[in-house]
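Q: Spelled out, the chains give:
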Amino acid sequence: MDLLEFAKGPALQVAAYILVAGSIWRLVGIVLLKEKPDYSEPRQSAGLLAALKVIYTRSFTAAPFKAATLYPKMLAYVMHIGLFAVVFLFVPHIMFFEGFLGIEWPGLPNNIIYLLGVAAVVASFALLVRRLTSPVLKLISNFDDYFSWFATVLPLITGLMIPVRMGLRYETILAIHILSVALLMIWLPFGKLGHTFLVFVTRGTTGMVFERRGAKT
Amino acid sequence: MTTVDGRHELDREAERLAYKPPEIRHDKQGDMDSDERINKAMHNFVKNFNTQTASYLDGCLHCGMCADACHFHVRTDDPRYTPIWKIELFKRTYKRQVGPFAFFYRLLGLKRQVTIEDLEEWQHLLYDSCTVCGRCSLVCPMGIDIAGLVSMARHGMFKAGLVPHELHEVAKKSAETGSPLGITPDKFEDRADWMADEHDVEIPMDVDQADVLAVMSSIEIQKYPQSIAATAKILNAAGESWTFRTDGFEATNFGMLSGNPEWQKAASLKLIDAAVKIGAKTLVLPECGHAYMALRWMGANMYGKPLPFKVMHISEYLADALNTGKIKVKKVDKSITYHDPCQVSRRGGATQAARDVLNHLTGDFREMPLGGDYNWCCGGGGGVVTIKRADPLRHRVFKLKMDQVEQTEADELVSSCANCRQSFDDSQQHFGWDYTMGSLMEMVAENLEEDGS
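Residue numbers (this note's numbering), protein chains in the order written: chain U, 7 to 223; chain H, 33 to 485.
The shape of chain U in the complex, shown without the other chains:
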């Protein structure tokens, strides 16, 4: 078994198992905690719709905070949009997903994907510089923040290296890329990258609790 076969086969398979099992374990560990009923008289009804509302609205910054958070928010948008496009709208990736999902969807031209990928990497480095220089971020950051950054940026960089090759064989650089993706999949459920799914829980519960009061969400 060569490196590419290992990456495409057992490495990716184990990573996928860890991703799914770890995510379920983390979510179940949180969702199954005991809930006390809220007996207060609601000002307004607030069920799933309230949760969905805040899941959507918290994607945008409230006007009073826009000026103060503009720079990191813009970087975060570029990083997330770039990452999403690269993962889900790059034609070879769509073909990969089609292999086991059985469905396909339209992708973006490769040049646009490369552009978005580069933008995501640049934004990620800018966010890292901010984390290393801002007094607030320096204080509150820990291993999780830096390793999660590394695990996210690495597949982007190795992916962008594939067309460039940099003197490496195509098979070798592709294997390195797939292994970096496996690392991301393995780490995702454990650290702060879990916000990929936790964001729905945190925003959703806040939506339900505060909308019930008629309070600002």
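Just so you know, the hints here were simulated from the structure itself, not pulled from any lab data.
Heads up, a few of these hints could be off.
Stated by the list, open to error - Rough simulated footprint, nothing fancy, chain H against chain U, three-plus residues with beta-carbon under 8 Å:
#1 45–54
#2 94–108
#3 147–158
#4 193–200
As the list claims (entries may be wrong) - Partial chain U-side listing against chain H, Cβ under 8 Å, derived:
#5 39
#6 42
#7 70
#8 142
#9 143
#10 169
#11 204
#12 211
#13 220
#14 221
#15 222
Note that beta-carbon positions come from the ideal geometry of N, C-alpha and C, so glycine has one too.
Chain U is fixed; fit chain H onto it per the hints.
A: Relative to chain U, chain H alone:
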């Protein structure tokens, strides 16, 4: 124009250079050893964990944006005042001991165990420098209610005997005497009688059956007793069947502010029992922000079932009475601005009520820049105003409030929280500021139309 009275140097321009950090003082209650304090702190923090709080502690991205929403950080640039950092010890403990991957965190040594020195240091962050105003919760991209977590962390701190001395004393007095200022039922009755004579208003006391139970805060009874008369004038004008009760008159809840759920529950049950006893349909809370949170949103949960009566903040009652024509007011020929109590507006959802009242009172209501739900806190909420050592910090953050008020150029400044009012009065005296905080309810009472009932 403002006039500086010369008693205190006005250092509003040279602010950051002139800032004096609060004195370091770690107060302790009881004679527990360090390990016991740590265990109690952590156990009582995680005791009432649910999906909401666990997801909050697990979901933080460490983006630091909450710092930009916190008045303590904005006014000092001290990174320790970043809201999420204030619960760092508890977040760490959750991940190390309770979270879904606690085993791995312990195995790999990724989360250091909390020490007593850590907890002592955090006393300042959890009490002196957080008013539980919840402004940070509105900026968080994950929607984490950091203020709610601070309240839970205070549960741990209280049980560990690590509460700032003054706040603990006030809470203890409240638990022992029923009032944080030691107002006994007799004293309350005396003051109500005095106000009835002084303002020539009938004040029903200890009526057996009534539709409305009105309650007061000790701050009002002691410092702003005219509030008692104002409440009576309004409820009389509205033609309510109402009463004060000596067995349930204190609305403040220092058990909640200090972090003792048992004291919180006892204070809430006193009011609930009094309302049930007289068959009240409505309990009207006074101008007090945290009292609204304690009874309107947490009271039924303390009771263990839905309350058999409606709970209204006085501003909600006034809005309802004015909107339905139960009472009428003369318009005042002045511009008015309004300071939103955080627990009533931002966290309580009654933001519109005061605005409805003000639109009846004046044709020139002036919203503060960043008013309403995004309002800056007075700096004294969450029990901070009681903590003497926090005064320099509290005065410092009050600058934001002064700027907000002054930008409106309004003739009058009112609010609907006696705790905010107290905080404003103190800072006004400190700075020699010429804006005096008034009461929305008192303004309504002063301008009631005789034929309004």
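Q: So, for every hint listed, does it hold in this structure?
A: Status of the hints after comparison with the structure:
With 4 residues having a beta carbon nearer than 8 Å to a beta carbon of chain H, the region 45–54 of chain U meets the requirement of three or more and the stated coverage holds. Coverage of the region 94–108 of chain U by chain H is violated [criterion: at least 3 residues with CB-CB distance below 8 Å; count 0]. Coverage of the region 147–158 of chain U by chain H holds. Counting CB-CB distances below 8 Å, 5 residues qualify, and the rule asks for three or more. Counting residues of the region 193–200 of chain U whose beta carbon lies closer than 8 Å to any beta carbon of chain H gives 3, which reaches the threshold of three, so the coverage claim holds.
With a cut of 8 Å, the hint placing residue 39 of chain U at the interface with chain H holds, because the nearest CB-to-CB distance is about 5 Å. Proximity of residue 42 of chain U to chain H holds as hinted, the smallest CB-CB distance being about 7 Å (cut-off 8 Å). At a threshold of 8 Å, the smallest CB-CB gap from residue 70 of chain U to chain H is about 4 Å, leaving the interface hint in force. A hinted interface residue such as residue 142 of chain U counts as satisfied when its beta carbon comes closer than 8 Å to some beta carbon of chain H; here the least separation is about 4 Å, so the hint holds.
For residue 143 of chain U, the shortest C-beta to C-beta distance to chain H is roughly 5 Å, which falls under 8 Å, so the interface hint holds. A least Cβ separation of about 32 Å between residue 169 of chain U and chain H goes past the 8 Å threshold, and the interface hint is therefore violated. Look at residue 204 of chain U: its Cβ gets to within about 4 Å of chain H, closer than 8 Å, so that hint holds up. With a cut of 8 Å, the hint placing residue 211 of chain U at the interface with chain H holds, because the nearest CB-to-CB distance is about 4 Å.
Hint on residue 220 of chain U holds. Least Cβ distance to chain H is approximately 3 Å, under the 8 Å limit. Among the interface hints, the one on residue 221 of chain U holds; its C-beta lies about 4 Å from the nearest C-beta in chain H, closer than the 8 Å criterion. For the restraint placing residue 222 of chain U at the interface with chain H, the shortest Cβ-Cβ distance is roughly 4 Å, inside the 8 Å limit, so the hint holds.
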